[in-house]
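Student: Read off the chains here:
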Amino acid sequence: MRLDNLRVIAAREYLARIRTKGFWIATVGLPLFMGAVLVLPALLLTRTTSAHRMVIVDTTGQIGERLAAELTESARLERLTEQIEEALPGAEAAALEEKLQGFVPILEAPAADLAEQRAGLDRRVLAGDIDAWLWISEDGLAEDRVEYHAESVSNFVTQERLTRAASRIIRAFRLAEAGLDPDEIERLGRSVDLATLRVTEAGSREEQAATGVVLAYLLFFLLYIAILVYGQQVMLGVLEEKSSRIVEVIVATTRPVELMAGKLAGICCVALTQLVIWLGTVALLTLPQVVARMSWLAGRFEVPTLAPSLVVHFFAFFVLGFLLFSSFYGSVGAAFSNVQEAQQFASIGAVFVVAPMLLFWMVLNDPDSTLSVVSSLIPVFTPLLMLLRLAVKAPPWWQVALGYLLTIGVTWGMIWISARVYRVGILMYGKKPSLPEIWRWIRYA
Amino acid sequence: MPPPSVELRGVSKSYGRFRAVDDLSLRMPGGTIFGLLGPNGAGKTTSIRMIMNIIAPDSGEILFFDRARTDVDLARVGYLPEERGLYPKMSVHEHLIFLGRLHGMSRPDAAAATGRWLERVDLASWALKKVEELSKGMQQKVQLVGTVLHEPQILILDEPFSGLDPINQGLFKELLADYRDGGRTVIFSTHIMEQAEKLCDEICLISGGRAILSGPLDEIKRRHGSNAYRLVATGEVERAADVAGVESAVRHDDAIKLMLTPGVEGADVLRELVGFLAVREFRSEEPSLEEIFIGSVRDAT
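These protein sequences, in sequence, are chains F and P. Going by my numbering, the letters in the first sequence line up with residues 1 to 445, in that order. Going by my numbering, the letters in the second sequence line up with residues 1 to 301, in that order.
Hints may contain errors.
[As the list claims (entries may be wrong)] Calculated lysine to aspartate or glutamate pairs in the DMTMM-like style (CA-CA distance at most 20 Å, straight line): (1) F/431 x P/219; (2) P/173 x P/151; (3) P/136 x F/240; (4) P/89 x P/151; (5) P/221 x P/122; (6) P/136 x P/151; (7) P/198 x P/286; (8) F/21 x P/132; (9) P/89 x P/71; (10) P/257 x P/281; (11) F/431 x P/286; (12) F/432 x P/265; (13) F/21 x P/133; (14) P/221 x P/197; (15) P/173 x P/122; (16) P/130 x F/4; (17) F/21 x F/4; (18) P/221 x P/265; (19) F/432 x F/368; (20) P/89 x P/73; (21) P/129 x P/119; (22) P/89 x F/240; (23) P/198 x P/236; (24) P/198 x P/290.
[As the list claims (entries may be wrong)] Here's a subset of chain P near chain F, in silico, CB distances under 7 Å, partners left out: (25) 84; (26) 102; (27) 235.
[Unchecked claim] Ranges between beta-carbon positions, derived for each pair: (28) F/316 x P/191: 51 to 59 Å; (29) P/23 x F/442: 35 to 43 Å; (30) P/166 x F/7: 36 to 44 Å; (31) P/191 x F/434: 26 to 34 Å; (32) P/178 x F/434: 23 to 31 Å; (33) P/161 x F/409: 48 to 56 Å.
Simulated from the structure, these hints should not be mistaken for laboratory data. A virtual CB, placed ideally from N, CA and C, is assigned to each residue, including glycine.
One chain only, chain P, in its complex shape:
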């Protein structure tokens, strides 16, 4: 079976004069958690809706499993939209079977999967209750079960963490990891960078409908690393600035931030430092995704 990948090639979409997505190309490979990041209004939801064939792109191509998308592919996707809800008057059980059947499951299969999943999220005793009788947190669980009931190969979640209570956030994260470990693909959008930083393997930062940064997270961080180190030591710390390869040494509270000349290895500098200092801590300072993002947006404009 081909990897559960999703690819956008030169996709654009305008609403009137407003260009929501502008020549966006990106590849979401199988077996990863992929984060689509950007501030509100960056074009995340529009991109996801185009991937889901809810709206048609003005131009460009969208590929699933490395080939043109078909209707059958969409039934192998689990989609959780940003605007989500359930029929309040339906029973939990019936509702999940209904969602399963819309994804091409037979009624017995959908019923069996519903039973299994409700068990897993501790809602088995609520199966026959009406959706409206459930608490908001429980409804979120039902929503999640409805998204994964048909064992999709690709999971697409639009702002999945907005409005989630902490317990359900944990449940979502656990599920995302399960999916990645099972060789399937998770794509989710968020505007909260810390979340993406903790969960994603790959990311794409979009702003104003354009991709401004994309690739594996660790690679991006390395690329944007400024060769900064944090030093905690006792002794003649002022002399650190004189070591070869150190451009500046600035005191921050009890620590010193060292900026090394690009290309200089941290290990070489450390060897010099231990000669005259009692070093307690010396570690590379990676920039946060937020810093990278803000920097990239500034550079792009």
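This is chain F alone, in the form it adopts within the complex:
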């Protein structure tokens, strides 16, 4: 193996891929897309929801007023309004606040002719003067019902809020009627939160369960996608070299093994570049200094922190997993002459990449179960599953070490086999080789 050739080939591979528009679209596009998926719905909701103008008619005279107050004031809204007032000039803040409240309740007294009043309200809804009207009556309350009339009744977010507010007020009203103190009842009836604390070598740290899952999920999927996508790229690259007939020009001065190693090294560096950019973005966005500036995030969502050791494991497992699967994909690309035939065979490899997906929730929920431990030590699963275990709960060191050792061994074996298939296959054109034929290449190459 001559390193000079390997370097020249790896450099060509790297530059050829880094220079494509596709690479940068994927590199910049994926974080943007993920960010958009997280932020856009919330943003759209606050931008487009208009305040809901709703007439409240309360024939009991006991509930309407308090419900109107409840709808415009809530602890959460107050906190938000404070932040908005800090951030925006007065007029804009007022408009946004109205939107956020979501309701402009208009209290109207019951008229003498109730039927006529109801018909009038319907006309106003249809004319667009108001968006909806709410009818609270003795009869309704007896059946635990409050009527909501609107042109569209699919606005479930609004209805959900309305239901909760109305229930709270009516419950309080009924409690008071029964001679009980609603505040006292409220205090006694409160449910508890589960405060989750993660125990690590460095000491306990409060962490929301969801945060740990988000991080594990993120790393697991990043690794999964990178191994699958770049493995395919290796295969397609080899096929391209074969079909463009460049390969024999190159193997005249280069051993096929050097060509394959150079290709793997080059594409591995492309993948690492992309992963460093992605994880770097995540690390940058989760810096305490940055988080502090994004006040709208504060309190709503706990920002996960990337432990440096986890990042090291992530990259180590990527390189191993990449070499394991890509050397396989490379030899498949060499053995066949067209994409369709190669894809068929490559799906055997894909099964082993996808299988850990099925075990994801099992391992996440109980990372120390026998099944989790055993499956994370099966070399083809180790990169993904051991990383997941590391992200969720530090496994015993010997399991991690064993996982690495086994994977390195199997990866080495896979590279050895692939190099032999590659060496023969790369110069074979035409007929699709049979499995016994490929077996002969491995034995006699």
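Could you slot chain P onto chain F? The hints should help.
Tutor: Frame of chain F, contents of chain P only:
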């Protein structure tokens, strides 16, 4: 420096039960254009791939520069395979530098040589274009430049003329002559005999993986010359058959084909002929390489 020779000694290669090359020995000396000739499937490409160390022989030795071949030797060879191509998405300039570097050139050297060669083949203005934007003929030129960029001592071309347009054929021939005149070696394979006949100094005819005829071209022709002459004359041409040393005289259109007894000199016969004929033309008829080849294959089997 030793002459840029290539030698095969008792080289054999089988694919399963099929014997592609069978105990082939031949020496390609420096400073010549050497043609490896034979029909399709004769074992030419397999032989060349073994010379290039792309496949290993089952038995036998391959020598470069009169000694065992090393990896460094291969970087001093320019090889144009039969199955050839380029990366379609790379620029011409980058691609040639890449090929140069694979042959051990430094980046600046490769860049300088690329510039010079593109100038020589009139592709300088295409240097920054992608390979896929070039016409097929231009791609062939780029391919050729990639083969000679590193100034190899030995040029090995497998079926170089297949699919070439006439302009590039001229370019290739010019280059081959340059190489020979510079004391370097050109080895090329072809199944088209007329081409070999025009270009080669030495040849080796192979069939069924065996060498059936090899040596300098003119010597081979002399050896296989049947002592035939072509006579164009007026007078009593029928009497030519009676001249001493003439075995037969057969009329072909306006000429007569004379077959002389082996060992008889054409000049002696001519002296007799001018005595009674007005001779306009009298010349030795060499057999074409094709005729020699067909005859040899027939004899061998």
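Student: Checking against the hints above, which ones are violated?
Tutor: Of the numbered hints given earlier, those the structure breaks are 1, 4, 5, 6, 9, 11, 12, 16, 17, 19, 20, 23, 27, 29, 32, listed in rising order.
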